[in-house]
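Asker: Protein sequences, first through last, are from chains A and B. Quick note: the first sequence uses this note's numbering, first residue 1, plus one each step. Quick note: the second sequence uses this note's numbering, first residue 1, plus one each step.
Mixed in with the good hints, there may be bad ones.
Cross-link-like lysine-lysine pairs, in silico, DSS-like; alpha carbons within 27 angstroms at most [said to hold, decoys possible]:
#, chain 1, residue 1, chain 2, residue 2
1, A, Lys-86, B, Lys-54
2, A, Lys-124, B, Lys-86
3, B, Lys-194, B, Lys-83
4, B, Lys-124, B, Lys-83
5, A, Lys-83, A, Lys-194
6, A, Lys-54, A, Lys-83
7, B, Lys-194, B, Lys-86
8, A, Lys-86, A, Lys-194
9, B, Lys-194, A, Lys-54
10, B, Lys-83, A, Lys-86
11, A, Lys-195, A, Lys-86
12, A, Lys-123, B, Lys-123
13, A, Lys-195, A, Lys-83
14, A, Lys-124, B, Lys-83
15, B, Lys-124, B, Lys-54
16, A, Lys-83, B, Lys-124
17, B, Lys-124, A, Lys-123
18, B, Lys-86, A, Lys-83
19, B, Lys-195, B, Lys-83
Far from chain A, by Cβ distances over 12 angstroms, these chain B residues were calculated [to be verified]:
#, residue
20, Ser-73
21, Lys-124
22, Ala-182
Bear in mind the hints are in silico, worked out from the structure with no lab data behind them. The beta carbon of each residue, even a glycine, is placed where N, CA and C say it ideally should be.
There are 2 protein chains.
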Amino acid sequence: MLTIWTYDWVPGGENGPRGFVRDLRLRWACEEAELDYQVRSTSFNDRGPDHFAKQPFGQIPFLEDNGITIFESGAGLLHLARKSEKLMPRDPAGEADTLQWTIAALNSVEMVSVPWSFLGGSKKPDNGLSDWLGSRLSHVEAVLRGREWIAAGRFTVADIIMADALRQTLAADMPGYPIIRAYIDRICVRPAFKKAYADQLAHFAAGD
Amino acid sequence: MLTIWTYDWVPGGENGPRGFVRDLRLRWACEEAELDYQVRSTSFNDRGPDHFAKQPFGQIPFLEDNGITIFESGAGLLHLARKSEKLMPRDPAGEADTLQWTIAALNSVEMVSVPWSFLGGSKKPDNGLSDWLGSRLSHVEAVLRGREWIAAGRFTVADIIMADALRQTLAADMPGYPIIRAYIDRICVRPAFKKAYADQLAHFAAGD
C-alpha cells in the first residue's frame, strides 16, 4: 500500500491552489497505473519537525512506500514509474525519453513558470521573466506540433508532469499557445486525471 | 563510448559562464564512475535544426549513449547513475534518497536560484526572489548541519547536482551559509570535479 501525504487543507476561492496542489500528480499516476494507495494529511498551518523530517522544505507531497519516504513530486513520479509499465516504457530509448521530458518539465518549464507566477504572472507582465517564459513555451509548442504525447510516442509520467506544469501556467490568463492548450485538453480528459482532481477538491473541502 | 555534447565556445571573463556550463556535471559523473566518454561540440553562435532536434530548448548538454540521445543535465546524471554503483546505491532506500535529492536540487533549489541569478542576483537584491531563495538555502543549511553528503550517507549524483547548483548560487556574492560553503568545498575538492572543471576551461579556451 502506497501512502500519498498532502496538506489537511489549503485556501480555496479563486486564487487558492485547490486543483493545483502537487499531490494531484501522485494521485493521478496511481490512478493511471491502478496502484493501491491511500492519502493522508499533514497540517497546512502547523508544519512541525515531523513534517520537516520527511520533507525538508516543509512542502508536500511526499510518498511512503514500504518504509521508504520520498519527497518532490518529480521524484515520486519517477519512483512510481518503476512500478508500472503504464507510466514508463521499459525499452532504453523510451525510458530515456520519458526521463528527459520529466526533468524538462521540472527544470526547463517550471524553473521559469513557477517564479513567473510567484512574481505576479500575467497580472504583472513586467516581472522580468515573461520573455524567458515565452521562449520556453514557444519551444514546447514547436515540439508538440508534431506529436500527441510529449515522450516515447505514448502516454507516460512525462505527460503527467508536463501537462500539469503547463496547465498551471496557462491557467494564469496567459494568452496564445493553441497547440499547448490542445495538448493539455487531450491529457486532462483522461479518467485518471479527472478522478485525481475531484478527489483533491473533495479532500480540501472536507478540511473547511 | 558515451558522448557529452557541449558548446564549441562560451564567453569568458569575469561574468562569463566558463566553469559553470552544465556539461561539467556530466563530465564529473563520468570521471567519478570511470566511464569511457568523449566530448563533442555544437555551435554556440549558430544553433540550427540539428541542435534543436537533440535539445529542443537550444541548450546543452546532451548525452549520446549507444544511439540514444538524452538532454537535461539532471536526466543525463540519472541515466549515468544507472550505469555505476559509484553514482547511486542499489538498495531501494538509497536509490530513493538519491533520486529525491537530485530532483530537489533541480526543482527546489535551482527553480529559485537560477531565476534569482537571471534577475540580477545579489547585485539586485530587490528582484523579488531573494527572500524565497534565502528560505530555500536555510532549509538546505539545516539538512547539511547533520550530514557529510546530501543523500544516502555517501557520495552520489545528488552531490554532483546539489553542490553545483549551490556553487553557482553562492558564487554570485551571496553572503552567509557557512555549512553550505563547507559542503561545497568538501565536494569540489574531489579529483573528478577538478579534472572536469579544468577540462571544461581548456575546452572553451581552445575555442577563443
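Asker: Work down the list of hints and note, for each, if the structure agrees.
Answerer: Status of each hint after checking the structure:
For the given pair, A/Lys-86 sits about 25 angstroms from B/Lys-54 by alpha-carbon distance, which is consistent with the 27 angstroms threshold. Restraint check for A/Lys-124 and B/Lys-86: the C-alpha separation of about 46 angstroms exceeds 27 angstroms, so the hint is violated. For the proposed pair B/Lys-194 and B/Lys-83, the alpha carbon gap of about 22 angstroms is at most 27 angstroms, so the pair holds. This hinted pair does not check out: B/Lys-124 and B/Lys-83 have alpha carbons roughly 42 angstroms apart, beyond 27 angstroms.
Our distance criterion of 27 angstroms between C-alpha atoms is met by A/Lys-83 and A/Lys-194, whose separation comes to about 22 angstroms. Between A/Lys-54 and A/Lys-83, the direct Cα distance comes to roughly 22 angstroms. Compliance with the 27 angstroms bound is thereby established for this hinted pair. In summary, the hint linking B/Lys-194 to B/Lys-86 is supported, as the alpha carbons are separated by about 17 angstroms, within the 27 angstroms threshold. Note on A/Lys-86 and A/Lys-194: the hinted pairing holds, with a Cα-Cα distance of about 17 angstroms set against a maximum of 27 angstroms.
Straight-line distance between C-alpha atoms of B/Lys-194 and A/Lys-54 comes to about 33 angstroms, which puts the hinted pair past the 27 angstroms bound. At most 27 angstroms may separate the alpha-carbon atoms for a hinted pair to count; B/Lys-83 and A/Lys-86 meet this at roughly 24 angstroms. For the proposed pair A/Lys-195 and A/Lys-86, the alpha carbon gap of about 17 angstroms is at most 27 angstroms, so the pair holds. Under the criterion of a C-alpha separation no larger than 27 angstroms, the hint pairing A/Lys-123 with B/Lys-123 is consistent with the structure, at around 26 angstroms.
At roughly 20 angstroms between alpha-carbon atoms, A/Lys-195 and A/Lys-83 fall within 27 angstroms of each other, so this suggested pair holds. Using a Cα cut-off of 27 angstroms, the hinted pair A/Lys-124 and B/Lys-83 is violated, with the two alpha carbons roughly 46 angstroms apart. A hinted pair counts as satisfied when its Cα atoms are at most 27 angstroms apart, and B/Lys-124 with B/Lys-54 does not qualify at roughly 35 angstroms. Annotation: proposed proximity of A/Lys-83 to B/Lys-124 is violated, straight-line Cα distance about 45 angstroms (limit 27 angstroms).
In summary, the hint linking B/Lys-124 to A/Lys-123 is supported, as the alpha carbons are separated by about 22 angstroms, within the 27 angstroms threshold. Straight-line distance between C-alpha atoms of B/Lys-86 and A/Lys-83 comes to about 24 angstroms, which keeps the hinted pair within the 27 angstroms bound. Of the supplied pair hints, the one linking B/Lys-195 and B/Lys-83 holds, its CA atoms being roughly 20 angstroms apart against a limit of 27 angstroms. The claim that B/Ser-73 lies off the interface is violated: its Cβ sits roughly 8 angstroms from the closest Cβ of chain A, which falls inside the 12 angstroms cut-off.
For B/Lys-124, the condition that its CB be more than 12 angstroms from all CB atoms of chain A is violated, with the nearest at approximately 9 angstroms. A cut-off of 12 angstroms between C-beta atoms confirms that B/Ala-182 is not in contact with chain A; the least separation is 18 angstroms.
Of the numbered hints stated above, those contradicted by the structure are hints 2, 4, 9, 14, 15, 16, 20, 21, listed in ascending order.
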